[in-house]
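Novice: My request is simple: use the sequences and hints to build the entire structure.
Spelled out, the chains give:
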Amino acid sequence: MIDQQLGALFVQLAYIGASAAFILGLRGLTKPDTARRGMQLAAVGMVLAIIGTLLNHEIVSYQFILIGLVVGTAIGLPMGLLVPMTAMPQRIAVSHMFGALAVTLVGIAEFIHYREAVGGPGVVKMVALGFETLFGALTITGSFMAFGKLQGFVTGRPVTFPGQKLVNAAVFLGAVALYAALVLTQSGGATGDAGLVMFGLMTVLALVIGVTLVLPIGGADMPVVVSLLNSYAGLAASATGFAIGNNILIVAGALDGASGFILSILMSKAMNRSFANVLFGAFGGEKAAASHKSAEGLTTRSVTPEDAAMRIGYARNVIVVPGYGMAVAQAQHAVRELAELIEKRGGRIRFAIHPVAGRMPGHMNVLLAEANVPYDHLFDLDEINGEFAACDVAIVIGANDVTNPAAKDDPGSPIYGMPILNVQDAEQVIVVKRGMATGFAGIENELFYLDKTSMLFGDAKSVITQVVAEIKAL
Amino acid sequence: MVTTLLTIVGAAAALTAVATSGTPTDSSTLIDAQIVEIYVFLLAAFTGFQIITKVPPLLHTPLMAATNAISAISLVASIVLAGAERPLFINIMGMVAVAAATINVVGGFVITDRMLKMFKKTEAPK
Numbered sequence: 085m086i087d088q089q090l091g092a093l094f095v096q097l098a099y100i101g102a103s104a105a106f107i108l109g110l111r112g113l114t115k116p117d118t119a120r121r122g123m124q125l126a127a128v129g130m131v132l133a134i135i136g137t138l139l140n141h142e143i144v145s146y147q148f149i150l151i152g153l154v155v156g157t158a159i160g161l162p163m164g165l166l167v168p169m170t171a172m173p174q175r176i177a178v179s180h181m182f183g184a185l186a187v188t189l190v191g192i193a194e195f196i197h198y199r200e201a202v203g204g205p206g207v208v209k210m211v212a213l214g215f216e217t218l219f220g221a222l223t224i225t226g227s228f229m230a231f232g233k234l235q236g237f238v239t240g241r242p243v244t245f246p247g248q249k250l251v252n253a254a255v256f257l258g259a260v261a262l263y264a265a266l267v268l269t270q271s272g273g274a275t276g277d278a279g280l281v282m283f284g285l286m287t288v289l290a291l292v293i294g295v296t297l298v299l300p301i302g303g304a305d306m307p308v309v310v311s312l313l314n315s316y317a318g319l320a321a322s323a324t325g326f327a328i329g330n331n332i333l334i335v336a337g338a339l340d341g342a343s344g345f346i347l348s349i350l351m352s353k354a355m356n357r358s359f360a361n362v363l364f365g366a367f368g369g370e371k372a373a374a375s376h377k378s379a380e381g382l383t384t385r386s387v388t389p390e391d392a393a394m395r396i397g398y399a400r401n402v403i404v405v406p407g408y409g410m411a412v413a414q415a416q417h418a419v420r421e422l423a424e425l426i427e428k429r430g431g432r433i434r435f436a437i438h439p440v441a442g443r444m445p446g447h448m449n450v451l452l453a454e455a456n457v458p459y460d461h462l463f464d465l466d467e468i469n470g471e472f473a474a475c476d477v478a479i480v481i482g483a484n485d486v487t488n489p490a491a492k493d494d495p496g497s498p499i500y501g502m503p504i505l506n507v508q509d510a511e512q513v514i515v516v517k518r519g520m521a522t523g524f525a526g527i528e529n530e531l532f533y534l535d536k537t538s539m540l541f542g543d544a545k546s547v548i549t550q551v552v553a554e555i556k557a558l
Numbered sequence: 018m019v020t021t022l023l024t025i026v027g028a029a030a031a032l033t034a035v036a037t038s039g040t041p042t043d044s045s046t047l048i049d050a051q052i053v054e055i056y057v058f059l060l061a062a063f064t065g066f067q068i069i070t071k072v073p074p075l076l077h078t079p080l081m082a083a084t085n086a087i088s089a090i091s092l093v094a095s096i097v098l099a100g101a102e103r104p105l106f107i108n109i110m111g112m113v114a115v116a117a118a119t120i121n122v123v124g125g126f127v128i129t130d131r132m133l134k135m136f137k138k139t140e141a142p143k
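Protein sequences appear in the order of chains G and V. Under this note's numbering, the first residue of the first sequence carries the number 85, and numbering increases by one thereafter. Under this note's numbering, the first residue of the second sequence carries the number 18, and numbering increases by one thereafter.
For the record, the hints were derived by calculation from the structure and aren't laboratory data. Every residue, glycine too, gets a C-beta built ideally from N, C-alpha and C. Mixed in with the good hints there might be a few duds.
Cut-off 16 angstroms, straight-line C-alpha distance, at most; resulting in silico cross-link-like pairs (EDC-like, lysine to aspartate or glutamate) [as the list claims (entries may be wrong)]:
(1) G:LYS536 with G:ASP476
(2) V:LYS137 with G:ASP476
(3) G:LYS428 with V:GLU140
To give an idea of the chain V side of the interface with chain G (calculated C-beta under 7 angstroms), a few residues [what the hints assert, rightly or not]:
(4) ILE52
(5) LEU105
(6) VAL123
Distance windows between CB atoms, simulated [stated by the list, open to error]:
(7) G:ARG429 with V:LYS71: 31 to 39 angstroms
(8) V:THR139 with G:GLU142: 52 to 60 angstroms
(9) G:PRO495 with V:LYS134: 32 to 40 angstroms
(10) G:LEU165 with V:THR139: 24 to 32 angstroms
(11) G:LYS492 with V:LYS71: 36 to 44 angstroms
(12) G:PHE237 with V:LYS71: 35 to 43 angstroms
(13) V:LYS134 with G:GLU390: 36 to 44 angstroms
Specialist: What follows is the structure, given as structure tokens:
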């Protein structure tokens, strides 16, 4: 008896230590120089929590645990070591899926377990279990769909069909009604299989919601989706903690939930969406119809890589605006070479990163860091927007909507009010782009038609490589 | 910052002690335990908000990978399921859950470290 109490105390101490390690580890992430050590501390916290759990007196056999740990490590380790940085958005999406799968399995198993116990799960535990399974299940399929869209085996275009909103609403209400019924009827009554059927049906509906939630969302909205799923995965983990009375799950889940929530808010702000709009998943689709300013009668000026090299080579102050197009063309290494060349010639180079550039929060920063661009050259919107006016050349590489001045001065534009990078303030603008296709918002970008703007058409990687060669020859 | 943290850890420890004392059949203790859990959640959520709003956009991708690895703490619940005295199919569900969560723990921390290793300052001129 005393041994058991001592064991329980040790488990709790391990969990408290782990909580502290997680919080301090995340605090490390507030600065680039402390980030790495912080995360190592968090990893130690995780090991502590696992060791503590293995000593739990409830555990009678270890073979299943061992198999799970070995299989998980065998899959997770190569994934962690080998996934290229360009595939990071997919990897994050798929990891939300694995996390949610674990949480959902725990939810279902605990539901079965509690039903067999005297008195059933009770109202409070049922609330937690239902929430856990509902959010867990929708995060499984939602993340899988997001993964598919980012990986390219599900179309990146928004998928819509007539009556979609109605179907979505019906499925959602059905799942919520089953959840409410389970809570109110004490998990469907202590006897009979009604509770199991209701719980199973709720789980299936939640799986369907995950699909219908992400299907109508286009590729460029993925930063919001991935952040939101991050938050859901955290909340589901926290609910697990409530269901089984475990504080470490509550703490870690709350940290993850808060992080996903904050990122979702930041992303929706950067995309000019209300947060409510994002929360209810009603994004995508609608705005695609609006292409109200036509480009008729306007002309662009196209330049050759030689021309561009002349302008960039003699510029003193250059700002590069990277976008998803840079990632697609894998142009980040060529861009870094260009940056080094400009510096060598005595110019100053900085990168302006829009919050939603790319397919996930911070996507461009990671790609440029991998290409060895020092992080003190990377600036976010607020830091750099005042600097464009003083810059000789702004180079836009594979970005579009985030530079569109219509967001500032055309109240009729669908992106009006969205924070943009003030590229139009630069003395000259060079836009590297494959063709004149519109960006994700489906609208013309007036920036391209300004007198100061030169279009440099072609694949970003080969064009930038040519520019680099030309500057070297100057 | 550190004081906030200490307060939270201290509160969590004290509350856990309260929550785990008493017999589980005592219904008032059960409600106390659930109230305590809500405290823990709120305090952790506030702390999370405070810290995470300070994470610069530069590190948002590593942040996401890191919180993902941390939320794989559901591994703890999965381990108990896989190893406790339950029907075989529950143990097997637990095993699958352990594997899924371990993928995130191992993969998540490794990939976060790989990313953070890449962020470098401009080298000082020699």
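Novice: Run every hint past the structure and note whether it holds.
Specialist: Comparing the hints with the structure gives:
| no. | hint | in the structure |
| --- | --- | --- |
| 1 | G:LYS536 with G:ASP476 | holds (11 angstroms) |
| 2 | V:LYS137 with G:ASP476 | violated (27 angstroms) |
| 3 | G:LYS428 with V:GLU140 | holds (14 angstroms) |
| 4 | ILE52 | violated (10 angstroms) |
| 5 | LEU105 | violated (9 angstroms) |
| 6 | VAL123 | holds (4 angstroms) |
| 7 | G:ARG429 with V:LYS71: 31 to 39 angstroms | holds (37 angstroms) |
| 8 | V:THR139 with G:GLU142: 52 to 60 angstroms | holds (53 angstroms) |
| 9 | G:PRO495 with V:LYS134: 32 to 40 angstroms | violated (46 angstroms) |
| 10 | G:LEU165 with V:THR139: 24 to 32 angstroms | holds (28 angstroms) |
| 11 | G:LYS492 with V:LYS71: 36 to 44 angstroms | violated (29 angstroms) |
| 12 | G:PHE237 with V:LYS71: 35 to 43 angstroms | holds (37 angstroms) |
| 13 | V:LYS134 with G:GLU390: 36 to 44 angstroms | holds (38 angstroms) |
Checked against the numbered hints listed earlier, the structure breaks hints 2, 4, 5, 9, 11; every other hint is satisfied.
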